[in-house]
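If you read the protein sequences in the order shown, they are chains A and D.
The first sequence stops at residue 652 when you use numbering that gives the first Met the number 0, and every number in between is there.
The second sequence stops at residue 178 when you use numbering that gives the first Met the number 0, and every number in between is there.
Check each hint, because a few of them may be wrong.
Claimed, not checked - Chain D regions said to be covered by chain A (calculated; three or more residues, Cβ under 8 Å):
{"hint": "1", "region": "7-19"}
{"hint": "2", "region": "61-75"}
Stated by the list, open to error - Partial list, derived from the structure: chain D residues whose beta carbon lies under 7 Å from chain A:
{"hint": "3", "residue": "F3"}
{"hint": "4", "residue": "A4"}
{"hint": "5", "residue": "G136"}
To be clear, the hints were calculated from the coordinates, so they are not data collected in a lab.
Predicted model only: the values in this text are computed from it and were never measured.
Idealized CB from N, CA, C, for every residue including glycine.
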Amino acid sequence: MLPELGHFALILALLLALVQAFFGIAGAHLRRDRWLAAVGPAVAGQFVMVATAIGCLVTAFVSHDFSVRYVAENSNSALPLFYRVTALWGAHEGSLLLWIFLLACWTLAVAVGAARLPPRFAARVLGVLGVVSCGFLLFTLATSNPFLRLIPAAPDGRDLNPILQDPALAIHPPILYTGYVGFAVAFAFACAAMLEGRLDQAWARWTRPWTTSAWAFLTVGIALGSWWAYYELGWGGFWFWDPVENASFMPWLVGTALVHSLAVTDKRGLFKSWTLLLAILAFSLSLLGTFLVRSGVLVSVHSFAADPTRGIFILVFLVLMIGGSLALYAWRAPLLRSAAGFELGARESFLLFNNILLVIAAAIVFGGTMAPLIADALGLPTLSVGTPYFNPTFLMPVLPLLALLPVGLHANWKKGRLRQKQRQILTALAAALVLSLAVSLGVFAQAKILTLVGLTLGPWIILSSLLDPLDRWRRQLSLSRSVLGMTTAHVGVGLFVIALTVVQSFTQEHDVALARGEKASVGGYEFRFEGVRGLEGANYEGVRGSVVVTRGTVPLGTLYPEKRRYFVQGTVTTEAAIQMTRGTNLLIALGDDLGAGRWSVRLQVRPLVSLVWLAALLMAIGGAVAGRDRRYRLARSPAEAAPAAAGAKQAAG
Amino acid sequence: MNRFALPLALFALLVVVLAIGIRHSPEKGIIVSPLVGRAAPGFALPSLTDAHQRVSSQELKGRWYLLNVWGTWCVECRAEHSMLMQVGHAGVIPLIGLDWKDEDDHALEWLAQLGNPYQAIGVDHDGRTAIDWGVYGAPETFLVNTQGVVVYKLVGPLTRESWTREILPRLPRPASAGF
Chain A
0 MLPELGHFAL
10 ILALLLALVQ
20 AFFGIAGAHL
30 RRDRWLAAVG
40 PAVAGQFVMV
50 ATAIGCLVTA
60 FVSHDFSVRY
70 VAENSNSALP
80 LFYRVTALWG
90 AHEGSLLLWI
100 FLLACWTLAV
110 AVGAARLPPR
120 FAARVLGVLG
130 VVSCGFLLFT
140 LATSNPFLRL
150 IPAAPDGRDL
160 NPILQDPALA
170 IHPPILYTGY
180 VGFAVAFAFA
190 CAAMLEGRLD
200 QAWARWTRPW
210 TTSAWAFLTV
220 GIALGSWWAY
230 YELGWGGFWF
240 WDPVENASFM
250 PWLVGTALVH
260 SLAVTDKRGL
270 FKSWTLLLAI
280 LAFSLSLLGT
290 FLVRSGVLVS
300 VHSFAADPTR
310 GIFILVFLVL
320 MIGGSLALYA
330 WRAPLLRSAA
340 GFELGARESF
350 LLFNNILLVI
360 AAAIVFGGTM
370 APLIADALGL
380 PTLSVGTPYF
390 NPTFLMPVLP
400 LLALLPVGLH
410 ANWKKGRLRQ
420 KQRQILTALA
430 AALVLSLAVS
440 LGVFAQAKIL
450 TLVGLTLGPW
460 IILSSLLDPL
470 DRWRRQLSLS
480 RSVLGMTTAH
490 VGVGLFVIAL
500 TVVQSFTQEH
510 DVALARGEKA
520 SVGGYEFRFE
530 GVRGLEGANY
540 EGVRGSVVVT
550 RGTVPLGTLY
560 PEKRRYFVQG
570 TVTTEAAIQM
580 TRGTNLLIAL
590 GDDLGAGRWS
600 VRLQVRPLVS
610 LVWLAALLMA
620 IGGAVAGRDR
630 RYRLARSPAE
640 AAPAAAGAKQ
650 AAG
Chain D
0 MNRFALPLAL
10 FALLVVVLAI
20 GIRHSPEKGI
30 IVSPLVGRAA
40 PGFALPSLTD
50 AHQRVSSQEL
60 KGRWYLLNVW
70 GTWCVECRAE
80 HSMLMQVGHA
90 GVIPLIGLDW
100 KDEDDHALEW
110 LAQLGNPYQA
120 IGVDHDGRTA
130 IDWGVYGAPE
140 TFLVNTQGVV
150 VYKLVGPLTR
160 ESWTREILPR
170 LPRPASAGF
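Excised from the complex, chain A in its bound form (with noise of 0.2 Å):
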């Protein structure tokens, strides 16, 4: 019964979703202040029924229905309880279930903080949502319900892939998915403003703290794949330029951009038609990333549930979505200009440089990404685009930008002329030289161009982003939550660069001969062999090394490296070892046996790699603590804000 009792709801859900998309945005633009009523109601309606959707397919799951189709498809009698729940999302009907979810919280919580908005306008914005939504519940109810029953059931379920039975993979795609969702409330902010034909600074205050609450999920959400990546596929890298990882990185250039942009139009009401613009396309290459990694039209490593025939439909939804919003930018942008100008130097022109790198940084990787399906669409040989193509382009727009991020910072609002603190930023800039020069020549003993230019901007980026917050503190100040949140995404974007020129240019690897019981170091690592042992698995045998670590005279361990020959087919595989320790990542694989007990062994050093991941995570903190800031809270003022809070109320239900 219960599966049927969620396919009703999802049903409900659309029909409640039409009701929420009709009344908000059609009582809106017919000026119908009673039909704005209904809106309320409905988005609550259809949380509810959203909700009991996803609470039917997670007990069909935890109680093993495995009648139900999905459910028979992705998870198996023995699976633990934890991967049982995560297996929801362990596919594609799930994960759009996962997203109508998410959606129905954020539209929710918009409804519910639609009480500081003037009623018309926050119709028109749970409208659009509700159009969203409608999109995809009809996605999922006609081409990919999770509810099909099987008849006969099976027996047991085929279980849920294995690459996905790992906690940090579990959590990755809820995390990516409310960042992606996120970008839908901007959306519909950007498409309320359009269609009401007013955009002002009271509109970017109410629109901020939903982007950088959305930027921030994305952040962790990224990180956590990558960290994922790193530890498992144990290939010593932690971005790979995959289509699926570009998927999710380019809504975070082009959201990044957003939060940038949507600080200009709330200070000093410019940038308005590039702000709408960037929050339609944010949102849309979510979509695009959402669709692109299931619908099979980009093939990766990843793409575990490729369907090419739902393909047609996604193009359909996509056209209407992004389409739709792109013609209504074209129609109203014009009204949207902004009249104020501001002088080069000024922290406006700062802010356009921001814009314009993260969103050319955002085409580079668009372009790599989609180069491969336009040769094929042009009948070209197959195309295959890689870190050689990535790494150098994407640097080029990314360097300046970090350049101008410890100038921008203190850069005045209008005038074109820094502050007092110019004597400031140069003393940090040469303080982060000379660390820069200390730490390459000093710490590593080599020093390239780019090393140095990274090692510079990331420390100058630190210290020109505390110097405000310092300088408040000193003259005991109260810091908003905005400023804090901003100082601490800058200095997470400054240790991310430290963290990446060091593991880009001090990674050390040696190739060596040992035999049982010789050592070899390799920055400052010393490694003891002691020699294999044979190994048995289930459909393999094999060696297993032992490697004694040891730093000057502290022990650290013992680490085993495998190399595997699977029977079958005689596959040899190499089973590196990892290990962390303080942040520096230790890999040793196994090579050749080079007879009379020698083999040849690789030792892998990397230094600071675990900080990639906390900067990125810092990066995300920020975010948080910025959104929260009080001054989005009391975006009215308090005369105006009394009769439209009562309507918005009737509004919110």
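Since chain A is already given, all that's left is putting chain D on it; use the hints.
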């Protein structure tokens, strides 16, 4: 045209590319087995239907055969079964079953209900043989030639289309086994 329409124009261009991409994507979704063109993994399994017999690759040497991986827990296998029955009746090529991670009782009941198209069925309780063959999920069907080399692998249910388009043309004599 105003500059605000530029994003819309670019998006239209992208849609065209995506549309063509989707039309091409079915061919890319196929999982090609590394086994194709290589010697089929050896196996010797207890027979499902006869407790005294073993089903082994040794016995099948020098013959073409189809190895079909199935299980009663497998949804698509039920859909595939009527096609397997037809293949079994046609007698063009022996059909060997690999009953994967299954209960013998269930499997025998299934065959009693739906018919048995297989010449022999090996029981792979712990799934070791399936691992050897690189099975992703049931059903899968492997075509093996007289030299014991895997010629073709079909992922998913065997259909009339895949039978006539993929398997028949690979058999040595132009078979007259259209039914």
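For each hint, the structure was consulted:
1. 7-19: holds (count 10)
2. 61-75: Coverage by chain A holds here, the residue count being 4 at a Cβ distance below 8 Å.
3. F3: Because about 4 Å separates D:F3 from the closest Cβ in chain A, which is inside the 7 Å limit, the hint holds.
4. A4: holds (4 Å)
5. G136: holds (6 Å)
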